[in-house]
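Trainee: As they're listed, the protein sequences go chains A and B.
Under our numbering, the first residue of the first sequence carries the number 1, and numbering increases by one thereafter.
Under our numbering, the first residue of the second sequence carries the number 1001, and numbering increases by one thereafter.
Everything labelled a hint here was simulated from the structure, so no lab data went into it.
For glycine and all other residues, C-beta sits at the position ideal for the given N, C-alpha and C.
Worth double-checking, as some hints may not be accurate.
Unchecked claim - As a list, the in silico PhoX-like pairs of lysine-lysine whose alpha-carbon atoms are at most 20 Å apart: (1) B:Lys1229 <-> A:Lys245; (2) A:Lys256 <-> B:Lys1120; (3) B:Lys1117 <-> A:Lys251; (4) A:Lys251 <-> B:Lys1120; (5) A:Lys256 <-> B:Lys1117; (6) A:Lys245 <-> A:Lys256.
As the list claims (entries may be wrong) - Partial list, derived from the structure: chain B residues whose beta carbon lies under 8 Å from chain A: (7) Pro1003; (8) Ile1057; (9) Ser1058; (10) Ile1074; (11) Gly1083; (12) Ser1085; (13) Ser1108; (14) Phe1168; (15) Arg1190; (16) Thr1242; (17) Ser1246.
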Amino acid sequence: MSAGGSGGPATGGIDHNKIIIFGIIGALVGIYAAYFLVNAIGSAFSFIAGLGAICSIVWGASAVRRVSNYGLGTGVPSIGMLAIGTGMVASLFGMAVGSIAGPIISFVTACIIGLVIGILANRIIGMGIPIMEQSMTEIAGAGSLTIVALSTTMSGTFMIETILPNVIGTGYIAMIFIIGALSILHPFNANLGPDEHQDRTLSTGFEKGAIAVIIAGIVATTTAGAASIPTILVGAFIWYTAFSKFYEYIKRDAHKVVGTGVLPTEEELE
Amino acid sequence: MDPLLGMGVLALMGAAATIAGATEDLESDVGSQSNPNSQVQLAPQMMHPHRIYNKAISGEPPSNALMCAIGGTIASVMMSAYGLSVVFAITFGAAIAAVIHGTYAASSFMGRVSSQKRFKQPLYLDIVRSHTPVIIGYAFLTTFFILVISYLMSSVLNHPFPLPLLAFIWGITVGAIGSSTGDVHYGAEREYQNVEFGSGINAANSGDIVRHGESGLRNGIDNAWFCSKFGGPVTGIAFGMTVFLSGWVTTVFNPGESITMGWLSVIAGLLIVAILIIGNRIIETWARSTYGPYQEEESEEVTA
């Protein structure tokens, strides 16, 4: 892609460290709250894991934005795929061995693999992006939390005995893989350009995350541990709010939003 | 399974794949996805604002994998949880997947235009309103026919993979074939109709795409019209052949019967690949000798 990021550190109103905390805490609280509330009260609370998924997706999108701003163009999709690929390996491992600690083990494993990838990319391949190690760690971690959270939204638990027949055996894991990857990489990819703004990119992250939650809600109809209607409703509400916000930012940021018209003249472009 | 029945299913899959390939390419052309995207993206920067829909959903393979996997997931849910018939389930899945694809297309078009504020590229809402439904329509057709292929594979041909996973894999495949086969027709030929055929895209011409149509200003739907004459159908044939020929070798020489048949299917596959390579080489040398290499005229200097 010819038009990459602006080639320097990303700027924006919200401090990235706050988004990291929002992503990790939000996702883990969402996953565990859904697990315990589903066990204690009923399957209707499985949607809380969906909220956790949105937190980790927004964090992942922010991390992609930060690293891609160093001039990645066509590399944006690749880095998103890498995130969710690493996350997939780590989360299946974590859920298989971890039992109740599954999400945390998944997250830690993903961060370690991400760090190794970051070191390889910077030290061996020599990409020379200053924040590569940190960003790859973050992106892989966000990917693994997204997968665990979406799986929990679908089945109400992250126990591998339930995930295996309900999410992996049925093939829904393929959908989680691709929708997780696209939700993380699309926000920055969709807003790529010299006049990209943090709030617009993150609102796209919320919007795409909400779509993933809606789909996870539809899948929840097939499982006993998760309820689909609350998840779909919550997802649809967040999607509507986020998309309205996104469109507001579009009207704020675009050069001109017109119903129709001819091309600007030479004088106007000067 | 009866070999004749197997051949019939394979023929149906090939036909579905041909339509899926053609609609996939046209869907990407309406929105200038993947290959041609960078030139459309670059145009405003080179003082060439345009009225062309420009969606970047991370290249065609992932975006098609997304909509096919969503479609396969919903269809599978509809069949297992609600006992819906296959036709309704697949239609429903494809419809939801296509609408979601529409949201991805709209957000990437509006987002990228807004991120080009300094180049004074306006956001034309009529382009959003007229092109997004066309993209959704083509996405529906692609997803529908990919799901038909995946369903036939899993239920009739007894493929061990579940429907969403098959749809995901075929989505990547159709996206990859659409990106490699059809995009050339749009990217190099349509966007650069004003330069001599075969001259490639000179770096100095980057972003200098054709912005005026046969009548008025050109948009993405005009491009789909142009590509439907050759790029779309040729993508369909390429994808249809991929599906048909890759299934043909194991239907005629069923490895389930004996180990000899298994080896025969491998040999048949290798033969097909060899014939295709030789055929491509013959076409290439014939085209080169007939049209000759492109020669740049010395006197005509290209100015940026």
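Trainee: Could you run down the list of hints and mark each one as holding or not?
Mentor: Hints, one by one, checked against the model:
no.	hint	in the structure
1	B:Lys1229 <-> A:Lys245	violated (40 Å)
2	A:Lys256 <-> B:Lys1120	holds (8 Å)
3	B:Lys1117 <-> A:Lys251	holds (11 Å)
4	A:Lys251 <-> B:Lys1120	holds (14 Å)
5	A:Lys256 <-> B:Lys1117	holds (8 Å)
6	A:Lys245 <-> A:Lys256	holds (18 Å)
7	Pro1003	violated (28 Å)
8	Ile1057	holds (7 Å)
9	Ser1058	holds (3 Å)
10	Ile1074	holds (6 Å)
11	Gly1083	violated (12 Å)
12	Ser1085	violated (17 Å)
13	Ser1108	holds (4 Å)
14	Phe1168	holds (4 Å)
15	Arg1190	violated (18 Å)
16	Thr1242	violated (20 Å)
17	Ser1246	violated (20 Å)
Violated hints, in rising order: 1, 7, 11, 12, 15, 16 and 17; the structure is consistent with all others.
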